[in-house]
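In case you want the letters, here they are:
Number of protein chains: 2
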Amino acid sequence: MSKKIQHRLYVDAALPGDGSLTLGPDQSHYLANVMRARTGDQVALFNGRDGEWASEIAAVQKKAVTLRLESRIREQRTEPDLWLAFAPIKKARLDFMAQKATELGVSHMVPMLTRRTIVDRVKTDRLFANAVEAAEQCERLNVPTIGEPVKLEKLIADWPMDRKIMFCDEDLTGTPAHVALQAADNKSNPRPWGILIGPEGGFDDHERALIRSHPNTVVVALGPRVLRADTAAMSAISLWQSALGDW
Amino acid sequence: MSKKIQHRLYVDAALPGDGSLTLGPDQSHYLANVMRARTGDQVALFNGRDGEWASEIAAVQKKAVTLRLESRIREQRTEPDLWLAFAPIKKARLDFMAQKATELGVSHMVPMLTRRTIVDRVKTDRLFANAVEAAEQCERLNVPTIGEPVKLEKLIADWPMDRKIMFCDEDLTGTPAHVALQAADNKSNPRPWGILIGPEGGFDDHERALIRSHPNTVVVALGPRVLRADTAAMSAISLWQSALGDW
Numbered sequence: 001m002s003k004k005i006q007h008r009l010y011v012d013a014a015l016p017g018d019g020s021l022t023l024g025p026d027q028s029h030y031l032a033n034v035m036r037a038r039t040g041d042q043v044a045l046f047n048g049r050d051g052e053w054a055s056e057i058a059a060v061q062k063k064a065v066t067l068r069l070e071s072r073i074r075e076q077r078t079e080p081d082l083w084l085a086f087a088p089i090k091k092a093r094l095d096f097m098a099q100k101a102t103e104l105g106v107s108h109m110v111p112m113l114t115r116r117t118i119v120d121r122v123k124t125d126r127l128f129a130n131a132v133e134a135a136e137q138c139e140r141l142n143v144p145t146i147g148e149p150v151k152l153e154k155l156i157a158d159w160p161m162d163r164k165i166m167f168c169d170e171d172l173t174g175t176p177a178h179v180a181l182q183a184a185d186n187k188s189n190p191r192p193w194g195i196l197i198g199p200e201g202g203f204d205d206h207e208r209a210l211i212r213s214h215p216n217t218v219v220v221a222l223g224p225r226v227l228r229a230d231t232a233a234m235s236a237i238s239l240w241q242s243a244l245g246d247w
Numbered sequence: 001m002s003k004k005i006q007h008r009l010y011v012d013a014a015l016p017g018d019g020s021l022t023l024g025p026d027q028s029h030y031l032a033n034v035m036r037a038r039t040g041d042q043v044a045l046f047n048g049r050d051g052e053w054a055s056e057i058a059a060v061q062k063k064a065v066t067l068r069l070e071s072r073i074r075e076q077r078t079e080p081d082l083w084l085a086f087a088p089i090k091k092a093r094l095d096f097m098a099q100k101a102t103e104l105g106v107s108h109m110v111p112m113l114t115r116r117t118i119v120d121r122v123k124t125d126r127l128f129a130n131a132v133e134a135a136e137q138c139e140r141l142n143v144p145t146i147g148e149p150v151k152l153e154k155l156i157a158d159w160p161m162d163r164k165i166m167f168c169d170e171d172l173t174g175t176p177a178h179v180a181l182q183a184a185d186n187k188s189n190p191r192p193w194g195i196l197i198g199p200e201g202g203f204d205d206h207e208r209a210l211i212r213s214h215p216n217t218v219v220v221a222l223g224p225r226v227l228r229a230d231t232a233a234m235s236a237i238s239l240w241q242s243a244l245g246d247w
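If you read the protein sequences in the order shown, they are chains E and A.
One point on numbering: in the working numbering, the residue at position 163 of the first sequence is 163, and numbering is uninterrupted.
One point on numbering: in the working numbering, the residue at position 145 of the second sequence is 145, and numbering is uninterrupted.
Just so you know, these hints were derived from the structure itself, not from any lab.
Heads up, a few of these hints could be off.
The list makes no distinction among identical chains, and a pair is therefore deemed to hold if it is satisfied within one copy or across any two copies.
[Unchecked claim] Simulated pairs of lysine-lysine, DSSO-like, Cα-Cα distance not exceeding 30 Å:
(1) K91 to K123
(2) K91 to K4
(3) K154 to K91
(4) K151 to K62
(5) K3 to K90
(6) K154 to K90
(7) K63 to K4
(8) K4 to K90
(9) K4 to K62
(10) K154 to K62
(11) K123 to K63
(12) K123 to K90
(13) K154 to K123
(14) K3 to K154
(15) K151 to K91
So that you can see chain E by itself, here it is in the shape it has in the complex (with noise of 0.2 Å):
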């Protein structure tokens, strides 16, 4: 591929599929009225699945846009399987949150509802909205899973057993993050983990107990100044990607 991609976009077809492409209403609205696409624009897909695929548009309608496939320029590759279960925070912030976590590499988001959760509406397509949004800028091959809204109880009592748990606890000072995930896995063949984070102003005392009494859980330590729940899952993200992902 000499020619220059312009876009990027996650579809839900198979890639190469026939050779040819036909956009939705939405995404076509996206590419021809927004991004002020023409015919001839080089547009690069993803699916999850097939790896990158680039492609051009061949035909452009205001609510179809049609793209003929060229070729695989990249394989896909596996991402880390990492899980973010967060109690839910206001709108713009979430937004964040969604898009940040996506490109800094977690697998699956689940909000998670707690004593001290003052959201608990949880609009999950807008998640996946964000989540497809970052996974297109951030050059990702795949885009996060979403999970319901769960309360934590039971986020807890359904924890797979192989998986463990990074347990950001406000209260804790002592092990840094990196001697704490190392010293409970190993990056040479790292093990599926989850990433807890509360609510602002905390889990409170049960529900901490609960946490820390799964046999799964390692709790590590963010620090002496109060983090916002968006900050503590960027934080606990990056330092477990260094620490056990593919940093």
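We have chain E; now place chain A onto it with these hints.
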């Protein structure tokens, strides 16, 4: 202090001074009209030098709220000596970066002009206002200082001899941050450091060579995904804090 702190403010004045403090018009307006504070409310004060002080509102006027200092509730503590030099980005993301960098514990921020820097005017007073707001919320006892915008070449030419450079080079994969940082320094008695974050689009080859040629530079990897400048800054600060700072 058994009474509950309701507000937290950064002030310039010495604490406790003569035991009484009248706030200027902006902070008085904020307390009286935005926060609807009343006589008797508890306000925590910090100035970056004298620890944190409990005070009580003695009188509320629209443009002059008077506080009566009560007792020191926290001793001043030393924050890690960590600079963040960043290429300015668009306003909303810049506000956000200043807030998050403050929460995460940088001591000094400096806007750095590079060849691919798109935004070349930076309101340093706005950066400082964002830092103050974040410091008040995250219970820091000081506010990061803000430098005047400086060209990358001059920043590197004038770089202090004893200060290490954490350079997040996009093109690199390799040594994880905590390994690279700990090979270069020691948490029990860390040197001063500065993090360099490039513009969206990255440093150009000349700039990358210049930074890499500095004897104090330590190159770290932030993984295979393309991170936005604000995300990269937050990740880098988190990794530094965990490896060498006070986390």
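To see whether the hints hold, each was checked on the structure:
no.: 1; hint: K91 to K123; result: both (9 Å within a copy, 27 Å between copies)
no.: 2; hint: K91 to K4; result: between (35 Å within a copy, 29 Å between copies)
no.: 3; hint: K154 to K91; result: within (24 Å within a copy, 41 Å between copies)
no.: 4; hint: K151 to K62; result: neither (43 Å within a copy, 45 Å between copies)
no.: 5; hint: K3 to K90; result: between (42 Å within a copy, 29 Å between copies)
no.: 6; hint: K154 to K90; result: within (23 Å within a copy, 41 Å between copies)
no.: 7; hint: K63 to K4; result: within (25 Å within a copy, 58 Å between copies)
no.: 8; hint: K4 to K90; result: between (38 Å within a copy, 25 Å between copies)
no.: 9; hint: K4 to K62; result: within (24 Å within a copy, 59 Å between copies)
no.: 10; hint: K154 to K62; result: neither (46 Å within a copy, 50 Å between copies)
no.: 11; hint: K123 to K63; result: within (26 Å within a copy, 42 Å between copies)
no.: 12; hint: K123 to K90; result: both (11 Å within a copy, 28 Å between copies)
no.: 13; hint: K154 to K123; result: within (20 Å within a copy, 48 Å between copies)
no.: 14; hint: K3 to K154; result: neither (50 Å within a copy, 37 Å between copies)
no.: 15; hint: K151 to K91; result: within (19 Å within a copy, 37 Å between copies)
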